[in-house]
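Engineer: Using the sequences and the accompanying hints, generate a full structural model.
Each chain is listed here by its residues.
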Amino acid sequence: MTQPVTIIMIEDDEGHARLIERNIRRSGVNNEIIPFANGTDAMKHLFGADGTGLVQKGNALLILLDLNLPDMTGIDILKQIKENKYLKASPVVVLTTTDDSQEIKRCYELGCNVYITKPVNYENFANAIRQLGLFFSVIQVPPAAS
Amino acid sequence: MWQILLFSAGLLVLTVISAGSVYLVNKARDDSKWVVHTIEAENQINALLLEIRRAESAARGYLLTQGADFKADHDKAVAAIIPALDKLTRLTGDNPAQRGNIEKLSAAIEIRLGQFKQELDFIGQNRPDKAIAQVREAASTDTTAEISKVAVSMIQEEERLFRLRSVNSDRSQTLAASMTGIGSGLVVLLTLISIWLVRRSVRARDEAEARLRDAYANLETVVDERTADLREANNEIQRFAYIVSHDLRSPLVNIMGFTSELEELGGDIFRRIGGLTHVPADGPPLADGEVTLEGPDKELSADFSEALGFIKSSIAKMDRLISAILNLTREGRREFVPEKIDTRELIEAIVSTLAHQSAEAQAEIHVAPLPDLVSDRLALEQIFSNLIDNAIKYLKAGAPGEIRIRGRTKLGYAIFEISDNGRGIDPKDHQRIFDLFRRAGTQDKPGQGIGLAHVRALVRRLGGTMSVSSELNTGSTFTITLPITWNASNRNADQ
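Chains A and B, in that order, give the protein sequences.
The numbering used here puts the first sequence at residues 60 to 205.
The numbering used here puts the second sequence at residues 69 to 563.
Please note that a few of the clues may not be correct.
Unchecked claim - Here are the simulated DSSO-like pairs of lysine-lysine, each with C-alpha atoms no more than 30 Å apart in a straight line:
| no. | chain 1 | residue 1 | chain 2 | residue 2 |
| --- | --- | --- | --- | --- |
| 1 | A | LYS164 | B | LYS408 |
| 2 | A | LYS144 | A | LYS103 |
| 3 | B | LYS366 | B | LYS385 |
| 4 | A | LYS164 | B | LYS385 |
Claimed, not checked - Between beta-carbon pairs, the in silico distance windows are:
| no. | chain 1 | residue 1 | chain 2 | residue 2 | range |
| --- | --- | --- | --- | --- | --- |
| 5 | B | ARG307 | A | GLU182 | 29 to 35 Å |
| 6 | B | THR477 | A | ASP135 | 24 to 30 Å |
| 7 | A | ASP135 | B | ILE311 | 16 to 22 Å |
| 8 | A | ASN90 | B | GLU416 | 51 to 57 Å |
Hint data in this document are derived by calculation from the structure and do not stem from the laboratory.
Every residue gets a Cβ at the ideal spot worked out from N, C-alpha and C, and that includes glycine.
Structural biologist: Next comes the structure, spelled out in structure tokens:
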């Protein structure tokens, strides 16, 4: 009955995407990861051609979101996800280089579930991602509203 | 300048007029006196002549009637003649011409008086015929005529003098009058000039005042414009710094991440090499992790690790610098919240958090009574803890340290001094130490060269200034001047 969770990774920096993926795999998470390098493509995938999000109805998703995207800000994407009735139940993990407290606060206000700063210290980064993997395995992603 | 000149001129004119008037009035009075004197002399001559005529007519009356009345009358007239003559002599004594006349007159009068006496004597002896003869004789002689002639010439002389003196007197009076008139006119003229000058200067002052007001108003707008420009520029720089440092971080994450990956890969590769070189020809392969490299392989591995070590330490340093810039820009954007602060309490708290470091450095920190402030607590904490931390950090090795914190107020500002007896700062570095990432002196302590740049930025945002006075090996004193009451409108508007 439990549907496997698909990880949607919205990250414009290829290197970061690769590092994130690698560390997720290292922590033993084998779920499918769909990467997007810009906001437009990701939005199209999430909300479908009609923009209603109906395409994702019933899919279990986990969204990894970078805030600095070339074509739009991650904040906008986060906002739209949390306002959409099919997507708002999906956990969103914000990953960014900013450790600005104002921005973190804003993300949590908008409904982000976890906020991870990409530290330059690689060990910390790897740890954070691995803990995220544990987090994936523990949380039961609720099925989207049907 | 003009006023003084004008005033002096007025004073001079007044003085001249006064002196001239006094002189001329005196002169006029003198002249009038002389006119009166002349009239008096003329009167006296007439009076004398009258007395002589009276004596004459009384003598004739006596001769005709032999009445005692006439005799008394005659005697009285004769008695008056001599005093009148004396008085006339006195009055005309100043005039040589008249003196000659007087002499002639006196002689004639004497003769005439002699004749009167003879006549009366003859009548007294009751010899009227003799008396009549005497009268006739007297009439025939020209004594009477002589008297008349002399008197007339005297009167003429006096009239001449009268005319002369009248003219003089008139002239003096006219002169006095015109002098007063001209002087008054001058005074009036000077007054008018003064009034004109005063009005002109008042007008000039009003104009200057108006110009000054305009310039002042203009200046304020100019200052406001400049301030707005500067604020805009400052904001621009902060945004720029923020974006640059933020975006620099992104590639750094990759560099660090893949360097770590490389490190791991390297470890794997060298383990593999070790494993391959140690595999016994026929035995099973060795377990992972327990391999030891030998010879050139070991050197290669060491070189590899060293290179990666340098890369990683450089990345870490770069990350710290970027973080520092980010923090600084963030600090520059933070809104200040002014509150009443017990400065001494705040500093005591900082000192107690630094107690460990100061004990290690054998430093004593003395905090004098300090003026309280209304300012941003966090900013003040950062300012003082940076400065005290620096003072502890850069003490002279081996010598007990002494750090003093003093404060005073001056004209709405609080002045704080943090002085130490540490290693000091070369005067040529006094500017440099406030620059970001710049340090001075022996580089034997950890640090990024951020503290003082940060402190100065904070002090400036709080509306204050800071300076340092220091010499090598004698210690440093950092002086901070902050407004006692921080005004949100002056600096915080750039938020």
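Engineer: Between the alpha carbons of A:LYS164 and B:LYS408, is the straight-line distance 30 Å or under?
Structural biologist: This hinted pair holds, its Cα atoms lying about 29 Å apart.
Engineer: Per the hint of 29 to 35 Å, is the separation of the Cβ atoms of B:ARG307 and A:GLU182 within bounds?
Structural biologist: For B:ARG307 and A:GLU182 the Cβ distance comes to about 32 Å; the hint holds.
Engineer: Holds or violated: A:LYS164 with B:LYS385, Cα cutoff 30 Å?
Structural biologist: Holds, at roughly 28 Å.
Engineer: B:LYS366 and B:LYS385 were given as a pair; does the straight-line alpha-carbon distance stay at or below 30 Å?
Structural biologist: holds (28 Å)
Engineer: When you take the CB atoms of A:ASP135 and B:ILE311, is the distance between them in 16 to 22 Å?
Structural biologist: The hinted range 16 to 22 Å holds for A:ASP135 and B:ILE311, with Cβ atoms some 18 Å apart.
Engineer: Against the 30 Å threshold, does the CA-CA distance of A:LYS144 and A:LYS103 hold or violate the hint?
Structural biologist: Roughly 16 Å separates the two Cα atoms, so the pair holds.
Engineer: Is 24 to 30 Å respected by the C-beta to C-beta distance linking B:THR477 and A:ASP135?
Structural biologist: violated (52 Å)
Engineer: Measuring from beta carbon to beta carbon, are A:ASN90 and B:GLU416 in 51 to 57 Å?
Structural biologist: holds (56 Å)
In summary, the one numbered hint that this structure violates is 6.
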